[in-house]
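S.K.: The chain contents come next:
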Amino acid sequence: MNAAASPRALDVDALIDDLETRVIVCCGAGGVGKTTTAAALALRAAERGRHVVVLTIDPARRLAQAMGLLELDNTPRTVADVDTSEGGRLEAMMLDMKRTFDEVIEAHASPEKAQQIFANPFYLALSSSFAGTQEYMAMEKLGQLRAQAEADPDGWDLIVVDTPPSRSALDFLDAPKRLGSFLDGRLIKILSVPARAGGRAYLRVVSAAIGTATGALTKILGAQVLTDVQSFVAAFDTVFGGFRERAEHTYHLLQEPGTAFVVVAAPEPDALREASYFVDRLGSQGMPLAGLVLNRVHTSLAEGLSAERALAAAEDLGESGGHALTAGLLRVHAHRMRRREREGALTARFTSAHPEVAVVSVPALAEDVHDLGGLREVSGSLAKAAVAYGV
Amino acid sequence: MPAARADRFGAAVDDWPSVRLHVVTGKGGTGKTTVAAALAIALAGRGRRVLLAEVEGRQGLAPLFDVTELPYAERHLVSTRRGGEVMAVSVEPKAALLEYLEIFYHMGRAGKILEKIGAIDFATTIAPGLRDVLLTGKMYEAARRRVGGKYVYDCLVLDAPPTGRITRFLNVNEEVVGLAKVGPIRNQAGSIMSLLRSPQTAIHLVTVLEEMPLQETADGVADLRRVTLPVGGIVINQVREPLLSHRALQDAVAGSLDREEVLAGLAAARLGGPRAGSGTGAAARGAARLQLLADGLIAQAAEHGMRVALEERGRKDLAALDRPTYELPAIPSGIDLGTLYDLAERLHAQGMA
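Chains as they are written, first to last, in this note's numbering: chain A, 273 to 663; chain B, 85 to 437.
Keep in mind the hints are simulated off the structure, nothing from the lab.
Check before you lean on any hint, since a few could be wrong.
Lysine to any residue pairs mimicking SDA-like chemistry, simulated, CA-CA at most 25 Å apart [claimed, not checked]:
| id | chain 1 | residue 1 | chain 2 | residue 2 |
| --- | --- | --- | --- | --- |
| 1 | B | Lys265 | A | Ser503 |
| 2 | B | Lys265 | A | Ala386 |
| 3 | A | Lys656 | A | Arg603 |
| 4 | B | Lys400 | B | Ser417 |
| 5 | B | Lys200 | A | Lys656 |
| 6 | B | Lys178 | A | Leu498 |
| 7 | B | Lys196 | A | Ala495 |
| 8 | A | Lys370 | B | Asp303 |
| 9 | B | Lys400 | A | His642 |
| 10 | B | Lys265 | A | Lys656 |
| 11 | B | Lys265 | A | Tyr395 |
| 12 | B | Lys265 | A | Asp283 |
| 13 | B | Lys200 | A | Arg621 |
| 14 | B | Lys400 | A | Arg334 |
| 15 | A | Lys656 | A | Asp283 |
| 16 | B | Lys265 | A | Thr499 |
| 17 | A | Lys370 | B | Glu258 |
| 18 | B | Lys265 | A | Arg334 |
Given only the sequences and the hints, what does the whole structure look like? Please build it.
M.R.: Here you go:
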């Protein structure tokens, strides 16, 4: 990497040791090691004395097992084998999207209304199968965890959250606005009219445009579906307001100085493009960005020998016959150096576009992480890299 | 890499002759968009008219074909010598919904009213499941579109959502069938499911030989089979040839590579700096440098060996899924139109198209 593009180092230990840091949100494209990064940060913080809860969205099975997460039950559980000598603790949980949704309903609707909602076929589809609900529910859960932490002085002092693995990972930023425009919009009024007015009397009292719209909806959806939707919306009416309030609350929580966003990427074109998008998006929403974690960075164990020289030497050895083993080793080396150069160039492109973003790299491991030892190795590189970066 | 299987006409065997809708999924970072684009070119290479579609608004196809942006209008990308053609489209939910209302319900004006009251926004953003209904609906429409009794497109290639979301995405119409017991939307959803379950559809999974993508591929195949959606082939992408002999790989992993032999080779390649005789100090420094270099190379060989072993295990796991597999090489320099044609030829030679 050339010196001009050398970024500021992200000091992970300073971030997690700072008691003002209360929430760390890991975001980034799918497949870049976001969950592993979240778990590694949480483990390191706990072993350095913080009382941490980590909320994972969809962890790889073996990583989940390593943290003792055998079922998706929305309950934070203490992770065994964490070094607690510094007085810290680690709890981990997996998001249960449906249960989180149910909890919101229960908190805002009367028991009978809640039962009506739970029984509605639309609610079942919305809460368990429809993509996108995950984003809302992850943020809802974060809000809940934060409220719990505030209420209990012996509770968590750091919440680490993973975000759903999709392009729409930042959809939660839009949630309050969307819900707001929906609530203030006319659709919800139209949909709630028949239930309120009873029967078809509404046709006489509403405007022609609304009549047309309802007619159109009936034509598309069929009368039975429209009735289901209408009774769903009517029952949901009371909940929506609370829903919006909570979403707005979480949104503001995310803008507080106690929150730190960590964007996770790998040194690949797509992942870095997504990282750029996240950085811009967070900036424009006034969300506090701690920095970029660059996972799976390839290094070389023989930096002094360039790819070109290694390949030339391998060719020489090939021509003279013999030393096939050394020639092979030199080719392996040349591939690694090339890869390292490509990754360096991609990273330099990112850092020259975003010179203000602090970066830390984590070297590629030969195998995926599936135990606490592996997580410690990752968190060790996260912290060590901060010292060595740019030297 | 499997050898080309040629039929008597010189063209490679086609593993999916009856398939009209090729759905390409894969874990993020495995190159599913590249594979979808290469597959579309390969199909066009057989003389077919192909629509290549992306549905996540990522504009991932545009840079591959060196165009600035794909609009929500089918546009021509490439033609092939045998009369085939690749058209491409980036399907955008809101436009798809308005179009859908117009085509199926002749509701131009009511569509505008629905937009005005926020129903369109609701349908495409607040209830994201409906987004999937619209996107799959658009695929169905394009697959069935006819002019003068003939299909406009012989084949569709869908750059689909990633493996973790694919079953939910394709099966969304099943949910709709469950919700709407009668009525036009149920009929529509039912027809889409029939197409997706038919032999005209194949869902291909792209993977690389790494642990997480392999696991997701196995999970994805199981999920698709559970809801009886037709699993197509598996494309092993970014395959790298081993750089060491089988024996050397084993020794490297076991830590038993012949260090003296490596040192002798490095000395023969004159990588230690000044040769012996140019002064004892320099020679000693040269020897020390060689030792360090040899240790570095041996350690790197061990990591390479571990990776190759992991890849071998991955291939075995994939074989257990009992689907045709196709392999594509790693393209370190990045993908452009030239490499896409090369990848397309490789898919063709292996019988994928």
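S.K.: Hints first: check each against the structure and report whether it holds.
M.R.: Verification of the hints:
no.: 1; hint: B:Lys265 / A:Ser503; in the structure: 16 Å, holds
no.: 2; hint: B:Lys265 / A:Ala386; in the structure: 24 Å, holds
no.: 3; hint: A:Lys656 / A:Arg603; in the structure: 29 Å, violated
no.: 4; hint: B:Lys400 / B:Ser417; in the structure: 29 Å, violated
no.: 5; hint: B:Lys200 / A:Lys656; in the structure: 55 Å, violated
no.: 6; hint: B:Lys178 / A:Leu498; in the structure: 20 Å, holds
no.: 7; hint: B:Lys196 / A:Ala495; in the structure: 21 Å, holds
no.: 8; hint: A:Lys370 / B:Asp303; in the structure: 21 Å, holds
no.: 9; hint: B:Lys400 / A:His642; in the structure: 21 Å, holds
no.: 10; hint: B:Lys265 / A:Lys656; in the structure: 60 Å, violated
no.: 11; hint: B:Lys265 / A:Tyr395; in the structure: 16 Å, holds
no.: 12; hint: B:Lys265 / A:Asp283; in the structure: 57 Å, violated
no.: 13; hint: B:Lys200 / A:Arg621; in the structure: 43 Å, violated
no.: 14; hint: B:Lys400 / A:Arg334; in the structure: 20 Å, holds
no.: 15; hint: A:Lys656 / A:Asp283; in the structure: 9 Å, holds
no.: 16; hint: B:Lys265 / A:Thr499; in the structure: 12 Å, holds
no.: 17; hint: A:Lys370 / B:Glu258; in the structure: 19 Å, holds
no.: 18; hint: B:Lys265 / A:Arg334; in the structure: 41 Å, violated
When the structure is compared with the earlier hints, violations turn up for hints 3, 4, 5, 10, 12, 13 and 18 and for no others.
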